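Sequence positions in the sequence shown follow UniProt numbering and run 1 to 426.
Please note: incorrect hints may appear among the correct ones.
Ranges of calculated distance between the beta carbons of each label pair, as one might list FRET restraints [stated by the list, open to error]:
1. P236 <-> A120: 51 to 57 Å
2. G344 <-> E234: 34 to 40 Å
3. G47 <-> E124: 23 to 29 Å
4. E410 <-> A116: 30 to 36 Å
5. P291 <-> A390: 33 to 39 Å
6. A227 <-> E410: 25 to 31 Å
7. G226 <-> A390: 40 to 46 Å
8. H85 <-> P192: 33 to 39 Å
9. A104 <-> V296: 27 to 33 Å
10. V296 <-> G47: 44 to 50 Å
11. P230 <-> P376: 29 to 35 Å
12. P412 <-> R294: 46 to 52 Å
13. S44 <-> P290: 25 to 31 Å
Keep in mind that the hints were calculated from the coordinates and are not lab data.
Model, not experiment: these values are computed from the prediction.
The beta-carbon is built from N, C-alpha and C at its ideal position, and this holds for glycine as well.
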Amino acid sequence: MRVLFTVSDWPAHYFPMVPLGWALQAAGHEVRVACAPSQVTAVSGAGLSAVPVLGDLDMVFLARFQNLTDIRAGTWRYPELPGLHPDTGEELAGLDGFDFETYATECRRRIARETATGVAGVLELVRSWRPDLVVHDRLSMEGVLAARALGVPHVAHLWGPVGTAESDPRLHPLPVDYTRAFPRNGLPEMGPELIEYVIDPCPPSLAPPTRATRLPVRYVPYNGPGAMEPWALEPPARPRVCVLWSNSVSTSYGAGSYLAPRVVRALAGLDVEVVVPVHPDDAARLGELPPNVRTVERFPLHLLLPSCAAIVHHGGAGTVMTAAAAGVPQLALTFGPEQDADGGRLAATGAGLHITGDRATEAAVRGAVAALLGGPTHRAAAGRLAGENAARPVPADLVGPLERLAATGELPEPAATGPAAAAGQP
């Protein structure tokens, strides 16, 4: 069987799909990953074969422009954070000197250009390679289009607790056909009815809304390649707290959204060991560190978390899911609609706490971490979440149902659940 993965232009959207790619390859199937040229390193670093035929749709540019749109509309929630120039990332004192309409036109032009590149590239790929099945992430319109044009089944693969039937359009629950590529290729308009199957790696308590037939799978963390630090194999003398802050937050929201230094200061007075995985570009931004803090680079989160008593992070889906699989209580400090949703849904399980970035003072962070460490409630809830995840089918268990889907267009009955079958389903 030939299986084509299509992924949007962000590694964190692709990483949750990697274990399924491994499982398919181990079962003797061919797997190719259609991606943007910028994602080749991330794809090939996981041992899968990249085919760079999609457009480079710069998501940081889009995020910065969306933030300026919110400022202009009066819906911006972070008055202490200035908007950023979409191209340079330079902080803007206001919108008076910024030509909004020119950049709105430029934004539409870039989307149209890169989408057209991806559509042409993926159609050429599937017509020559002829996959039997397409697996695409939630935003990859090209995967849906390619499968429909070829007449083969396709399955959406979620990366976290945001689904394909969200009521809030800011969560982008479905791929968007920016250039009307579907009708131009003789296909129905892109809509929720085209998403018939969803691979859902979320434990039932985190299950996101979808109208599609759900294929439950265990979330198997993959956070990129890296090495295990020997010290992390030894039990810590004090509770170990991981502080992880994605570089993507500050590149989208500015230097004021880089909360790792504030979190480190907040934890300085607690009897804990603090470990901060850092991007090389961010190490200097942490400033002078207290003696209870160490930094690490290129240390995959799934290798670090089993030794941790808690984690403080930015609310990214990959971090939420990796900590959930490890049974580690979490504090999410969030900027942006999807991270807000991730943090809110995590807090609803009891396995963590959620504070929006505009309210994440040192005192609030210190109190929240003390609450995570101070009693059994959050630890027990985190353990339940990990147990839910461990009880789900492993990626290898999906291979048979996907073989059946590719061959017959149908799933065997026990392989899937209906849209509302998961506990906690909205």
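To see whether the hints hold, each was checked on the structure:
no.: 1; hint: P236 <-> A120: 51 to 57 Å; verdict: holds, 53 Å
no.: 2; hint: G344 <-> E234: 34 to 40 Å; verdict: holds, 36 Å
no.: 3; hint: G47 <-> E124: 23 to 29 Å; verdict: holds, 25 Å
no.: 4; hint: E410 <-> A116: 30 to 36 Å; verdict: holds, 34 Å
no.: 5; hint: P291 <-> A390: 33 to 39 Å; verdict: holds, 37 Å
no.: 6; hint: A227 <-> E410: 25 to 31 Å; verdict: violated, 44 Å
no.: 7; hint: G226 <-> A390: 40 to 46 Å; verdict: violated, 23 Å
no.: 8; hint: H85 <-> P192: 33 to 39 Å; verdict: holds, 35 Å
no.: 9; hint: A104 <-> V296: 27 to 33 Å; verdict: violated, 41 Å
no.: 10; hint: V296 <-> G47: 44 to 50 Å; verdict: violated, 23 Å
no.: 11; hint: P230 <-> P376: 29 to 35 Å; verdict: holds, 31 Å
no.: 12; hint: P412 <-> R294: 46 to 52 Å; verdict: holds, 49 Å
no.: 13; hint: S44 <-> P290: 25 to 31 Å; verdict: violated, 39 Å
Checked against the numbered hints given earlier, this structure breaks hints 6, 7, 9, 10 and 13; the rest are met.
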